[in-house]
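Throw the hints in and build the complete structure from the sequences for me.
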Amino acid sequence: MTREEALDLVKKHISNRNLVNHCLACEAIMRRLARHFGEDEEVWGLAGLLHDLDYEYTKDNPEMHGIKSVEMLGNSVSDDIKNAILAHCEKKTPETRMEKALYAVDPTSGFIVAAALIKSEKKLDAVDVEFLKKRFKEKGFARGANREQMQSCESIGLSLEEFYALALEAMKQIANEIGL
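Convert by adding 46 to the 1-based position in the sequence shown; the result is the number in this note's numbering.
Wrong hints could be hidden among the right ones.
[Said to hold, decoys possible] Under the rule of at most 25 Å between Cα atoms (straight-line distance), these lysine to aspartate or glutamate pairs were calculated in the DMTMM-like manner:
(1) Lys-165 to Glu-176
(2) Lys-218 to Glu-87
(3) Lys-57 to Glu-141
(4) Lys-138 to Glu-88
(5) Lys-138 to Glu-223
(6) Lys-114 to Glu-141
(7) Lys-180 to Glu-167
(8) Lys-179 to Glu-167
(9) Lys-114 to Asp-126
(10) Lys-169 to Asp-125
(11) Lys-137 to Glu-87
(12) Lys-137 to Glu-102
(13) Lys-218 to Glu-88
(14) Lys-183 to Glu-208
(15) Lys-183 to Glu-223
(16) Lys-137 to Glu-85
(17) Lys-114 to Asp-125
[Said to hold, decoys possible] Here are the computed distance ranges between Cβ atoms for each label pair:
(18) Lys-58 to Gly-203: 34 to 40 Å
(19) Lys-58 to Lys-180: 23 to 29 Å
(20) Arg-81 to Lys-185: 28 to 34 Å
(21) Leu-65 to Glu-194: 19 to 25 Å
(22) Lys-114 to Lys-169: 31 to 37 Å
What the hints contain is simulated information worked out from the structure, not anything from laboratory work.
Note that the coordinates shown come from a computational prediction; the quantities given were computed from them, not determined experimentally.
Built from N, CA and C at the ideal position, the CB exists for glycine as well.
Here's what the structure looks like:
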């Protein structure tokens, strides 16, 4: 599956623009991480882009989240991508670097968006790693962003600070596309 085909699929199955933006942000971060680790950017990017493909179908049936995405994708993507999708929502234990990365990336993209939105500019350019680290310690900030899941970036050899730096860099590169 090409990136264009994947994006078409996302736009076909996800009507909520914020969720599409979330998928685009996860794709950007996954691509940046792949580049950092010398991995395949296309494969990692597709995993990030497609990870919530089934969300609108499974939001009221979370035990099917991920499983339905894998069914929808069939043989159009590799098992590596399907396993990363399953791992991000705890339908399998994250084992590979890509699976572990997507597991950490998922809440991080939303956390970074929340950080941008509390700035007066409401732009990613106003956010830096120090600001993210400070907000990380505030349990009341972005409550839905699982801190433990974000901190699992250590399982791929990145400190939270390094992880935030790469994620923020990636998201800033697509800021216009995601409205931030």
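Going down the list of hints, with the structure as the test:
1. Lys-165 to Glu-176: Holds - the C-alpha atoms of Glu-176 and Lys-165 are around 14 Å apart, at most 25 Å.
2. Lys-218 to Glu-87: OK: Lys-218 and Glu-87 at ~18 Å, within 25 Å.
3. Lys-57 to Glu-141: violated (29 Å)
4. Lys-138 to Glu-88: holds (22 Å)
5. Lys-138 to Glu-223: The hint is violated at about 32 Å.
6. Lys-114 to Glu-141: holds (21 Å)
7. Lys-180 to Glu-167: holds (18 Å)
8. Lys-179 to Glu-167: holds (19 Å)
9. Lys-114 to Asp-126: holds (16 Å)
10. Lys-169 to Asp-125: violated (36 Å)
11. Lys-137 to Glu-87: Holds, at roughly 24 Å.
12. Lys-137 to Glu-102: Holds, at roughly 18 Å.
13. Lys-218 to Glu-88: With Cα atoms ~19 Å apart, Lys-218 and Glu-88 stay inside 25 Å; holds.
14. Lys-183 to Glu-208: The hint holds at about 16 Å.
15. Lys-183 to Glu-223: Between Lys-183 and Glu-223 the Cα gap is close to 29 Å, so the pair fails against 25 Å, i.e. violated.
16. Lys-137 to Glu-85: holds (24 Å)
17. Lys-114 to Asp-125: holds (14 Å)
18. Lys-58 to Gly-203: 34 to 40 Å: holds (36 Å)
19. Lys-58 to Lys-180: 23 to 29 Å: Distance hint for Lys-58, Lys-180 is violated at roughly 39 Å.
20. Arg-81 to Lys-185: 28 to 34 Å: Cβ of Arg-81 to Cβ of Lys-185: about 33 Å, so the range 28 to 34 Å holds.
21. Leu-65 to Glu-194: 19 to 25 Å: holds (23 Å)
22. Lys-114 to Lys-169: 31 to 37 Å: holds (34 Å)
Going down the numbered hints, you'll see the structure goes against 3, 5, 10, 15, 19, while the others check out.
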